[in-house]
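Trainee: The primary structure of each chain is shown beneath.
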Amino acid sequence: MLLNIISKELKRVFSDRRLVISTFVIPAISIYVLYSLMGNMMGNVLGDIERHTSIVYVSNAPQSFSNYFDTVKDTYNMEVDFGDYDKNEFTERIRSGEVDLLVEFEDQFDAKVASYSDSNQSPEIMTFSNPSEDYSNEAKNNFVFDILEGYEKEILTDRFGNINYVKAFDVDATNQESAILDEKKAAASGLGMIVPMILAIILFAGAMGIGMDTIAGEKERGTMATLLLTPIPRETIALGKVIGLGIVAIISAACSFGAIIASLPNMLSSFGGEGVGPIGLSFSILQYVQLFVIMITLVGIYVGLICLISVRARSVKEAGTYMAPIYMIIMIAAFSTMFSKSGGVALYKFAIPVYGSVTAIKEMFSFELSLMEFGVTSGVSIIVTAIIIKLITKTFNDEKVMFNA
Amino acid sequence: MIEVKNFTKIYHLSKKQMKEQKLKASQKVAVDHINFIAKEGQIFGLLGPNGAGKTTTLRSIATLLNPTKGEIIVQGFDVTKNPTEVRRRIGFLTNELKLDTHFTPAYTMSFFGKLHSMSAKDIDSRTEELFEYFGIKDFANKKISDLSTGMMQKLSIAVSLIHDPEVVIFDEPTNGLDIITARAVTDYLQKLKERGKLIIVSTHIMTVAEKLCDKVAIIIGGKKVADGTILEVLNQTNATNLEDAFFELYKENVGEGV
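Taken in sequence, the protein lines are chains A and B.
Position 64 of the first sequence, counted from 1, bears residue number 64 in my numbering, the numbering being contiguous throughout.
Every position in the second sequence, counted from 1, becomes a number in my numbering once 405 is added.
Derived by calculation from the structure, the hints in this document are not laboratory data.
Model, not experiment: these values are computed from the prediction.
All residues carry an ideal CB built from backbone N, CA and C; glycine is no exception.
All clues stand as given, with none of them false.
Within a straight-line C-alpha distance of at most 27 Å, the following computed DSSO-like cross-link-like pairs (lysine-lysine) qualify:
1. B:Lys628 / B:Lys474
2. B:Lys427 / A:Lys400
3. B:Lys421 / A:Lys394
4. A:Lys394 / A:Lys317
5. A:Lys317 / B:Lys424
6. B:Lys548 / A:Lys11
7. B:Lys486 / A:Lys390
8. B:Lys628 / A:Lys400
9. A:Lys317 / B:Lys503
10. B:Lys602 / B:Lys620
11. B:Lys486 / A:Lys400
12. A:Lys11 / B:Lys542
Per the computed footprint, the stretches of chain B lying under chain A, defined by three or more beta-carbons under 8 Å from a beta-carbon of chain A, are:
13. 460 to 470
14. 483 to 494
15. 497 to 505
16. 515 to 528
Pair by pair, the computed Cβ-Cβ distance ranges are:
17. B:Gly481 / A:Leu286: 49 to 59 Å
18. A:Gly222 / B:Ser419: 20 to 30 Å
19. A:Gly375 / B:Asp529: 47 to 57 Å
20. B:Ile415 / A:Ile352: 38 to 48 Å
21. A:Ala262 / B:Asp543: 39 to 49 Å
22. B:Ser419 / A:Val33: 45 to 55 Å
Next comes chain A alone, as it looks inside the complex:
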């Protein structure tokens, strides 16, 4: 009986070209186009920043710095003028974007560095840039984090002519594999931030349209009463609808997810992280199983909610009105996990429906999901789904709702 109802629900969706296009094809294509466009646009912006020659003025530079800079200047796309400049005069030029960066060394910098000890204040280098300007930001980042850091290391090496220290420094500088690892980790944590959220939202979005159409629509068109007149337990009808819609939601989400994966190269290349994708992350079989279970149980809640609202609404239009705030709550739950730190999440948070599931997926991506947390999330989702199915069954028996009596 249950299979009969599920297969009818699936047949209803998959034999209707309009539904197939609106549920599976259009969302997938729009995600692909949107993400690829976003990636290309970001890529263009970043590329443009990289191509830009930074205009940098260095005031009062000590000899040691000029010497150091000469050795590295070919690495940077930077036009550097050394001299003695007045800060006040440059403020306006930096603000207007004419100059990207002004660096000012303290008077007698070299001497102060040489005599520097813990007891007196360290010599200071001041930088002036405009954080709201991309070019200026990039110039400052390059200068402070690359050039000055290198310079500082050189000074330190000169001052503490320690063999061990020099060696350590050398290792760090040539250890390119460790840099790649870092990049991968950064990409993975970025994915861990975005993917659970996107998954949580597209799973709901996929089920929403179809759910309203097949359930509220069925009620509106009078076909639901025909079904309720058959000697099938109400529970079976409710469960059949929920499972049928759940399958549709998962397929719809898979299409959208496929589109995300397909557009990922475009997205990631703009960050210079080529070849880094979720495919590059190696998950164990247990993790795939966990992801699957979390997703299925999350879909249970989603589809249950959509069915319940659709059954209670008198028309598709009314269902749409009720659905909007639920969609908002789902979005908030999904977004709020984006900014939470992974690892060390309190166990009770995994017991919050939807939020717990999204958090669990996020923890899974950063390899920090414990079996206990996984169990709590899935268990709570299953219980919530069961309660919702019970409520749907109750609604089927509610003559006021079903027959407006």
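Let chain A serve as the given structure and place chain B on it in line with the hints.
Mentor: What follows is chain B alone, placed relative to chain A:
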């Protein structure tokens, strides 16, 4: 057999419904303590004007609504305590029950047949028989949305009869049907009666009732005002036809303002 004992249905109205129906009370008694018995091999008619409580009574017999008071027994099963057993034995037809127009008649028959736990063989032979009778055969594999209104109505009837129910409940059987379809339907009801089925129909068209029904109950304002065979009702009211008899009863119970 259908036994309706002291059946009462009270609707609780929301504020919106009170406003829509221009009522001041938050409760509306749709059916007020009615009793009747309908037996196999009979066509039983529930007669009355719109809003008299006919549809409410039929829906309650079909387990879609629960009686507020009293009880309804269908083929030995109480509609509240054993709704599934009741549903197994009835076919309920009304204009408000629709079919999903996306599917074909053949698929729809098979889907509902399965929900009634019928074997594929039984579904096939039953579909063949009903499609043949109602002239749906040539359209069996077309989408329902492509069928004419008359054809759709005939299909609805065929679907509700797929499991060859012992009891057929029909709310306003000829309403909205064209003259040919209406005749096909009333003829089929006669055929079912001959096969020993119990048929209960509601109508406000007295000429239909006169032709079709063996026994009738007349309901006005939720109360039963007369019942028996057509002849008994005519005798009771000294009328020559059912329409006159109905107006006699209406005058008696509601007043002159017809």
